Every structure is written in structure tokens, then in C-alpha cells.
Amino acid sequence: MAVVTMSQALNMALHEEMARDERVFLIGEDIKDSTYGITKGLWDTYGHKRVIGTPISEAAIAGAVLGAASVGLRPVAEFMYMTFMMCAMDQVVNQAAKSKYMFGGKAVLPIVYRTMAGAGRANAAQHTQSLEAWFAHVPGLKIVMPTTPYDAKGLLKTSIRDDNPVIFIENKVQYATTRGEVPSTDYTIPFGQAAIRRAGTDVTIVALQRMNEIALEAADELAEIGIEAEVIDPRTIVPLDLDSIVKSVRKTHRVVIVHEAHERVGFGAELVAQIVQHAFDYLDAPPIRVANPNVPTPFNRTLEELSIPSAAQVVQAVRGLMR
Amino acid sequence: MATIVSPIEPAIAPSLGTAPGALDRHDLTDRDLIDVYRTMLRIRRFEERVKDLFLEARLYGSVHLYIGEEAVATAACKAIGDGDVISSTHRGHGHCIAMGLETGPMMAELMGKVTGYNHGKGGSMHIASLDHGMLGANGIVGAGIPISTGAALGFWIQERPNVALCFFGDGAANQGAFHEGINFAAGLKLPVVFICENNGYAQFQSVKQDLPIEHVATRAISYGIPGVIVQGEDVLDVYGAVKEAVRRARAGDGPTLIEAKTYRFEGHFLGDPEPYRTRAEVAAARATRDPLKLFGAQLQELGVATAEDLQAIHVQIDDEMERAIEFGESSPEPPASVLLTDIFTGADEHGRAS
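In order, the protein sequences belong to chains A and B. According to our numbering, the first sequence is numbered sequentially starting from 1. According to our numbering, the second sequence is numbered sequentially starting from 1001.
These are computed hints drawn from the structure, not numbers from a lab. Accuracy of the hints is not assured; some may be wrong.
Within a straight-line C-alpha distance of at most 30 Å, the following computed DSBU-like cross-link-like pairs (lysine-lysine) qualify [to be verified]:
#1 A/32 with B/1189
#2 A/40 with A/106
#3 A/49 with B/1243
#4 B/1051 with B/1293
#5 A/247 with A/157
#6 A/32 with A/106
#7 A/32 with A/157
#8 A/49 with B/1189
#9 B/1051 with A/106
#10 B/1243 with B/1293
#11 B/1189 with A/40
Remember, it's a predicted structure, so these values are computed and weren't measured experimentally.
In isolation and in its complexed conformation, chain A is listed as follows (with noise of 0.2 Å):
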């Protein structure tokens, strides 16, 4: 099995899936050739009627994917940065996750809305926000987040073929740098379904994304000093796999959150509620989230930094709670 950056691993699913659906397309600004890879080569092998360039016109990509599912076909649009979908939020919200129940179920729309947040890179705040929680509160919109790039394959894989509106959102620092075994085979990751990263009894720490790879990092610094963490990576936050989650919390009875959008009203607050809800009894301490300060990402590298959970708040925030 060859080892591959998650680039790589997200241009094999979008190959392999326009290879065996003629009616999957890509969609997007600069697609062509590609500005981080991810669709690089698909134009020569499928031409410009299934890989379009688009102007610089968030809204038009996201209602002609819609217009376009309308008519038999399964697009893939393409948002650069998942800020620029806030160009684009009336035919994301209004149009494509509502269209199905304002139909009365008959509009079947196989959509995936693929995009890149996370923080790292000094893009400054423009370019630079982590937005699942928006597209999560919206009722019609699944919420995919791969971590690794076997998963990444897989679920877009899954995504693609599935038959509602997507938001697969991917991460700009791992493009390059998360590198992983990705066999060449065609496979799909059921969405629903958490991995457990890392086995443990003390705590559990439930982290999205790139956030994931700091939470392993913290699990190992706390495993020197005798805490045991059990690492949790949602990979789909709409359907979330909250049976997973709260028979960890119940083995544990603590329970710490990482994500790199903002704390406040973050996927993290949700999350908080169901475990309280489900797992009240079990708790030994108040659950944490360590998450974006509630400040927009500063362009300094530095204060960008300091914007991003590090390893270190995850293991002082496990060690509050093993106090």
C-alpha cells in the first residue's frame, strides 16, 4: 500500500469516482490546474465539460450544482476557502439543504460542497475559519471531516455517491503534511461511524480534523506522567456517531473537546449537551472544550499560534480534570 499526502489521497477518490459515474463533474474556481493539487490531471483525462473553470462566482457554482443534480447529474463543486462560501450561503441554506423537505421529499440532490478551513498557514482571518457548525445547524446538509488520508479517499468516495448535499470539508495544513497508507482499491467509509484512534481509561478527548493529530501528541506526553487518554475523530459530524462518543465518556467519566473553530457555539457546545444528556451520571468533572479563543485568525505567526489548540492546552486541560 503506498503512502500518500492527503492531497493525493483526495485527487484518487475524485479520479476513481468520475471513472466509474460519467454523471459525477467538478466544479469550481481554478480547478483546472489546480492551486493545491487536489484536482490535478482531471482535466486532461476528462475534459472541460466534466472539470469547469468557473469565474470568480461563489453563488452561481453553488445554485448550478443544485440546477445541475436537478437534471440526473452528481456534482462536485469546489470552494477554495470555506470563507468564500459565505458568498454562497442563500443556495447552500435556502436552496440545496432545503429544497428536499420544501419538496415534500421528492427532490433527490446528490451534491458534495468540497472546501478547506482550519488555521495554520497565515492566511489571515478572511481566508481562515472553521465553519462546521454553521452548515451543521442547517437541517439538509451532512457534515463530513476527514483526519487521515485513508479516510479522506473513503469518505469522499462515500460522499460522491451519496444522494443529499455534502459539505466535505478539508484541512489546508494537511494537504502536504498528513501522510498516510491509502490503498489504490476502490473503498467507502460509512458516514456515522467515529474512529477510535487511540485505546484508553482515563479520559476521553474528541477532536476534529488536524485536531485529531495534536490530541494524539497530547495522548502520548500524558501517557508518560500514568494518563491513559482514549483519542475519539468524529469523521462526520452530521450524522455524528454519538453512541461512540458517550460509551467512551461512560468508561472514562471525563471528557475534553478539540476543535479549531471557535469555542463559542462551536460544534464543541453541541457536543457538550448530548454527553451531559447521555452520560450525566458517568461524569467525575464538567466537560472541556479547547477550541479557537473567539478571535479572528491573526495574520502574525505567532498570535496565529497562539489561535490553535496546541498539545500543550490539551494535556493541561486533561490534567484539570484529573485533579
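Got chain A sorted already, so can you dock chain B onto it with the hints?
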């Protein structure tokens, strides 16, 4: 030296410059012409009955009537065929009927009944029937423009000989979606026809305040596509323009922007006190720009129908409306059990596979 780009002259519609003369029935047979009249009347009576029912509190919600604009939807949808699609607006009942949706399930939808086209989950502003090529009315002004552009993109990718018609109002012409959608469609020469129903008012505000230019169609120039102005109360005029635009679209020549100058006989929504215009203005429009009266006279002038023939159609349509109302009112309310269904395909309300 700087080059000054002058304001461009409006795209003058051939139709507006045409001297009155013999009626051009285009390729429409006698039967087609009668069908057109029947559809226009069906829209008129449907809307009139909806108004009555609303005032009698027999239906509820936000309702926007299409009275006065019937010729636009009817003519435009007559110019397309099997496999073609449309996107519509919050003022969408006329587009639905012109696409062949039945008035019974439409009325049921307005009443929120389970037999409605959307099983009562959409209501007046969201009627859709993909089987009829009706991609949906829409509660967001201008939102249908990227969507119908996307349907046309689908036809272009699949190399299907189909077209999309995109209806929107003068208000939508000032939305960003208008610019993004038309610019994108024009760039790829997608098979879509943009039809602006300029009824003079964007909600409560006159188009004269909203538009710094006289015609929406003038904006076609900036996308390098034809802009055409037609009189929206003249069904044959609208038909001719849309037919030509559809031909161009199918031939791969790209989109056309058609502006139909029309007039909203009723307020923006049912209950609108209409502080922005005079009763005399509305009365004048009803007297001189009623598409139904004008087309009825044209049919008699062409010798296609007599006054008695038309009267017989009126009786049929009145009867159909009674049956539509009866169907709606006698239909059951949706059961509580469907509240959380239809959010996802193949999954429960949490997105979990079902």
C-alpha cells in the same frame, strides 16, 4: 489618453418598434391558440379563487398573485417541450399552471394538505414538480437564476437538446445572483433563456427607483448576449421572442435576456395595502393591459374562436376551479408522523442511514 466608454443605448426590442399590423400567430395552430387562451384563463381564475379563499380564511400563508402577468408564463412555456425545465419565483402559480401542473394538487398545496404537490411542506412559494420540469417556485428573489443556469449546465454536459427557462422579476435584476448566473451562463453559452417579468414594482418600490436605467434588458449588453424587450400583455409577442431565444439556445448560441414589460394587477402579496401606487394607475392597466381580454379579441380577429367558444371555455375553467377547491378542502392534513421525514434521502433527520 483615456478612452471614455459611453453609456450604451438600450437594446430596443423589435417588437416595441413594430408598427401595428397583421397579427403574427407564429407556428401556432388553432388548437394551440385555444390552448394558450385556456391556460391563461386557468391561471387567472386560479388566482382569483385563491384570493377569495384567502380573504375567507380558507387558506393561509404568504400568497403572491400573478393576475395581469398570465401571458408571460403561458407564452414562454408554450415555446418549450419535453425534457425542458423552468425555475420560478415567489409569484409562481402561473408558471406551474403553464408547465401543466394540475390545479387540484396546487390548491391542496396552498392549503397545506397532504395531497399537494409538496405534501403540504412547501406551500405557495415552493411548489415544485420535477416530473413536469418545474424545478421550483422560490422564496428568495433571484435565487432561481443560478439554479436554472445549473440545469442548463447539466444539459450542456450531457449534450441533451434541452433548454431551461428562468423566470424572475425586476427586483431580482438587482441581486448578485442575477449577475453571477447570467455571466456564467453566457460564458459557456449554456442553453438557458432568462425571462425578466418587469411588473413595475419590486415589493413596494417602483422599478423607477430601483433601476438607474430604463430597461433590464439593456444589461444583456454587458454579458454579450441578446437583450429583447416584449410587451408582457401580448401573448403572441412574448411567444415569438421566447421561441427565437429557445431556438438559439438549442443551437448552442447561448442565453438570451428577455424583458417582458408587464403589470401586477394585485399587490405584492395578498393583504398588501398598496400605498405606493394609485387606484387610477391600476384601473388604467386593467382597462388597457389585460392580457386575457387582449388575446380574446385577437382570437376573434383571427377567426380562431367566437365569443361563444370563449364563453364555453370560461364555464369549463370555472367548473375546474370548483373541483380544485373541493379537492383541496376535502384532502387530509398531513399526519404528525411526517414532520421529520423528507429531510434527507435515505436517512433520518439526524442524517443516519435509514
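Broken hints, by number: 2 and 6
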